[in-house]
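Undergrad: Given the coordinates of chain V, work out where chain C should sit on it, guided by the hints.
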Amino acid sequence: MLKFILKRLGASIGILFAASLLLYVLVINSGDPLWDLRESIADNRDYLMQQRSDYMNLDMPWYQRYWTWLVGVGGCFALKCDLGTNIQGIEVSGILASAATSTLRLVVLATVLAAVVGIAIGVLTAIRQYSGLDYGVTFLTFLFFSLPVFWAAVMLKEYMAIGYNDWMKDPAFSTTQIIIVALLFGFLMQVFLAGNMRRRLITFAVSAAFVAVVIPYLLWLNFFRYPQLGPAAIVVLSLAVALSATAMSVGVRNKHVLYPALITVGLGLVMYYATFSLLSEPNTWILIIGAILAVLIPGAIGHFMGGRQRKVAATVSAVTGLVFAGLTVVDHIFRAWPGFLALKPRPIGTIGSQTPNFTGDFWEIFLDRGAQLLLPTILLAVISLASYSRYTRASMLEVGQQDYIRTARSKGLSERTVIFRHAFRNALIPIATIAAFDFAGLIGGAVITESVFGWKGMGDMFIVGLRSIDPAPVMAFFLITGTAAVLFNMLADIFYALLDPRIRV
Amino acid sequence: MSGVKDNEELRGPSNMKSDIEPGEQQLVSLVEVEDAELARKQGESRSQGQLVRRRFFNHKAAMISTVILVFITLMAFSSIGFAGIPGWWGKNYMMSGTVINGGAPTFSLWPAWLGGPGFSIGEHPFGQDNTGKDYFALVMRGTQKSIIIAVTVGAVATFIGAIVGALAGYFRGWVDEVLMRVTDLFIVIPLLVLAAVLGQMAGAKLGNSIFALALVLGLVTWTGLARLVRGEILSLREREYVAAAQAMGSRTSRVIFKHLLPNTIGVIVVNATFAIAGAILLETSLSFLGFGVRAPESSLGLLISQYQNAFTNRPWLFWWPGMIIVTIALSVNFLGDGLRDAFDPRQTKKTRRRTKKEEVSE
Numbered sequence: 008m009l010k011f012i013l014k015r016l017g018a019s020i021g022i023l024f025a026a027s028l029l030l031y032v033l034v035i036n037s038g039d040p041l042w043d044l045r046e047s048i049a050d051n052r053d054y055l056m057q058q059r060s061d062y063m064n065l066d067m068p069w070y071q072r073y074w075t076w077l078v079g080v081g082g083c084f085a086l087k088c089d090l091g092t093n094i095q096g097i098e099v100s101g102i103l104a105s106a107a108t109s110t111l112r113l114v115v116l117a118t119v120l121a122a123v124v125g126i127a128i129g130v131l132t133a134i135r136q137y138s139g140l141d142y143g144v145t146f147l148t149f150l151f152f153s154l155p156v157f158w159a160a161v162m163l164k165e166y167m168a169i170g171y172n173d174w175m176k177d178p179a180f181s182t183t184q185i186i187i188v189a190l191l192f193g194f195l196m197q198v199f200l201a202g203n204m205r206r207r208l209i210t211f212a213v214s215a216a217f218v219a220v221v222i223p224y225l226l227w228l229n230f231f232r233y234p235q236l237g238p239a240a241i242v243v244l245s246l247a248v249a250l251s252a253t254a255m256s257v258g259v260r261n262k263h264v265l266y267p268a269l270i271t272v273g274l275g276l277v278m279y280y281a282t283f284s285l286l287s288e289p290n291t292w293i294l295i296i297g298a299i300l301a302v303l304i305p306g307a308i309g310h311f312m313g314g315r316q317r318k319v320a321a322t323v324s325a326v327t328g329l330v331f332a333g334l335t336v337v338d339h340i341f342r343a344w345p346g347f348l349a350l351k352p353r354p355i356g357t358i359g360s361q362t363p364n365f366t367g368d369f370w371e372i373f374l375d376r377g378a379q380l381l382l383p384t385i386l387l388a389v390i391s392l393a394s395y396s397r398y399t400r401a402s403m404l405e406v407g408q409q410d411y412i413r414t415a416r417s418k419g420l421s422e423r424t425v426i427f428r429h430a431f432r433n434a435l436i437p438i439a440t441i442a443a444f445d446f447a448g449l450i451g452g453a454v455i456t457e458s459v460f461g462w463k464g465m466g467d468m469f470i471v472g473l474r475s476i477d478p479a480p481v482m483a484f485f486l487i488t489g490t491a492a493v494l495f496n497m498l499a500d501i502f503y504a505l506l507d508p509r510i511r512v
Numbered sequence: 005m006s007g008v009k010d011n012e013e014l015r016g017p018s019n020m021k022s023d024i025e026p027g028e029q030q031l032v033s034l035v036e037v038e039d040a041e042l043a044r045k046q047g048e049s050r051s052q053g054q055l056v057r058r059r060f061f062n063h064k065a066a067m068i069s070t071v072i073l074v075f076i077t078l079m080a081f082s083s084i085g086f087a088g089i090p091g092w093w094g095k096n097y098m099m100s101g102t103v104i105n106g107g108a109p110t111f112s113l114w115p116a117w118l119g120g121p122g123f124s125i126g127e128h129p130f131g132q133d134n135t136g137k138d139y140f141a142l143v144m145r146g147t148q149k150s151i152i153i154a155v156t157v158g159a160v161a162t163f164i165g166a167i168v169g170a171l172a173g174y175f176r177g178w179v180d181e182v183l184m185r186v187t188d189l190f191i192v193i194p195l196l197v198l199a200a201v202l203g204q205m206a207g208a209k210l211g212n213s214i215f216a217l218a219l220v221l222g223l224v225t226w227t228g229l230a231r232l233v234r235g236e237i238l239s240l241r242e243r244e245y246v247a248a249a250q251a252m253g254s255r256t257s258r259v260i261f262k263h264l265l266p267n268t269i270g271v272i273v274v275n276a277t278f279a280i281a282g283a284i285l286l287e288t289s290l291s292f293l294g295f296g297v298r299a300p301e302s303s304l305g306l307l308i309s310q311y312q313n314a315f316t317n318r319p320w321l322f323w324w325p326g327m328i329i330v331t332i333a334l335s336v337n338f339l340g341d342g343l344r345d346a347f348d349p350r351q352t353k354k355t356r357r358r359t360k361k362e363e364v365s366e
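Chains V and C supply the protein sequences, listed in that same order. In the working numbering, each residue's number is its place in the first sequence (first place is 1) plus 7. In the working numbering, each residue's number is its place in the second sequence (first place is 1) plus 4.
Chain V extracted, bound-state conformation:
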């Protein structure tokens, strides 16, 4: 294994080196970096040209320029990175640091969201192969594949952001709108839950009626401007999560798993009141530590109470704990929402990663960043969600034809156990590798999204650099994306070998 990794690493570094040389030569030959100055009529034209030549080493031959750059990068191993200066003489390492954090913020959330939702949809469509849901989702995924990102982005801006912001001034639904939303929701619910005709009709009626009652109630509460959750709603929702997680893993009858999950909900309620004042003015560390504790403590409860099923019990309790903690945070965010609206009357932003000159307490800044993040994240997630759901579906169908699935069914295991324990786990193996590729690809692929949303990330750095024939930022961009691609490729291979013992390296 070690030999394999070292060999791969060696080959990767070689490829990375060759690719950087290729890209460098291509970039510096793609135009004239001095063209704007050549046409300039400024008095200090010669001085400006000389200055730019100094910044970009234009007086050196290409191989010397590349060598200078390479030596600077090589300094990274000695913790002294020198990525050169850009066309204005600013150190690229500094720009890169801020650009990389803002891109990562965008990409991590989108990838996680896309993976979770995409895999869930993929499993669902595989179970219901050739159903209406399957055909509908297939069509949608093809549509998302064929969607030009920039076009979809402008549509999102126009209809989601501006439309929502206008609506937010005076949130209201007309009766017709409520009826349409209710019917649509009922239709979608019966598509998702399926079953025979009778069950579908009941699902449709119940969910449509639910929406038709809830929306006027929320409007009456003025929920959209003054949202509130409160401990009661949190407990009900967490109980639902605890029950459905238990039902999905071993079934509700299993006390060893159910009781720890229920205890977790009880403990969560105690913690809700205990941490109330702390969470009103938190900081990032408190939230991170809280999230870790919300996983660890329920996990421990599940582990000690679970008996023979302690693994499942620990997982179910941890999920319940995390959901409870998440809902508690949502509760605090809801409390901050009216104040945020007062500070920023048009909440959803379309340009940049934060509102300029925005000041507020922790939750208000959090909401501001979130509102700016919303549209690009939705866009990126939707587009990579399509491929996740396709791959998961294909992988689930492939696994479903294996002999061990037939064995599992024929020995009388419940369909739930067959799907989640036998099929799903094995279907996840190829997905893990795809997730690795996807993450590496998204860093490079966020170029268009960043440019449409005016996000000062790595994509923006690349575009601005390339437009002015400025190799330093372009190469810095490549250094990150190329290294990520190579690294995640290798991780994917190693993952594959670890997850699937049939593969030997």
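No false leads were slipped in.
Using C-beta positions, here's what the derived DEER-type ranges look like:
hint, chain 1, residue 1, chain 2, residue 2, range
1, V, 68, C, 300, 32 to 38 Å
2, C, 327, V, 424, 43 to 49 Å
3, C, 87, V, 404, 45 to 51 Å
4, C, 327, V, 507, 41 to 47 Å
5, V, 404, C, 177, 34 to 40 Å
6, C, 300, V, 507, 50 to 56 Å
Far from chain V by the CB rule (all over 10 Å, computed), these chain C residues:
hint, residue
7, 36
8, 50
9, 70
10, 92
11, 134
12, 176
13, 177
14, 215
15, 236
16, 248
17, 249
18, 300
If we take Cβ atoms under 7 Å as the criterion, some of the chain C residues that face chain V in the derived model are:
hint, residue
19, 193
20, 194
21, 196
22, 200
23, 201
24, 204
25, 205
26, 208
27, 285
28, 289
29, 292
30, 315
31, 333
32, 334
33, 337
No lab work stands behind these hints, which were simulated from the structure alone. Just so it is clear, CB atoms sit at the ideal spot from N, CA and C, and this is done for glycine as well.
TA: Then chain C, alone, in the frame of chain V:
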């Protein structure tokens, strides 16, 4: 073909068996009758090409997509003319005129009995831009260029990918090693980045020609196909017919081009369609960012980029090119999906099972 043969082989020995074991005769002959029935129903033998064509023509989504694609292509090339041949659409994309009704599109499908203006095409079906240019002519011109670029990219990428993959797979050893490392090299640099750099270079060095851009884009999108073809060839080259061809003294080029590549045609054709769909999106994205097609030339991505700020006042300037990109890419993707199903031999199993089920229900 093999299915029919199996049936006949099955019938032979089991008939003999029924002589020996009369007790099982009833059961066996029931199965026999069913098999014979099946064999009679789908008994005509068909060539590989016929099978693929039949499966493709039965694929509804793919057929609809083909019709849509042909329609769009015909519209784009015939309406405003191509390569000096005048088209049937009277207005020119360069000609500016007076803006009528704020340039709103006159195209309408809303029938009169629903209170609409009835089906009409009108003077400017897609509207006019702010200088009064006919937007239908502009969009058709962009569509023409985008289709040309996409098809050229698909052709170039398929050609390079197939050759590189075939050489790497056939020769193995150091040739494979070198070619695959070159492929890795192209994969490590993000596609959009490489395409943008090369697109800018093509614009600066090779003049403002869409063919230069298409060629350059083709040079960076062949990697996926090369890997797939290599994998196919690696397994195909161990077959007996390859050994036979080699033993008869065929030249290497003949083995590769006559014996190996035609057998990977499924992979190649399917990937060529997906390459075209990818090329449409890549070209439009590059033009949108300003590294692709430039101003005097036109493309769908460039139109969106030019008019993206007009969305609030004149949304149609934004809608039409985008809708056409989505339609083309979606149709090509469905077409590729249909081709994949048609070329996939596992597909036969499903149709056969379905016919059996239908027979049962009858």
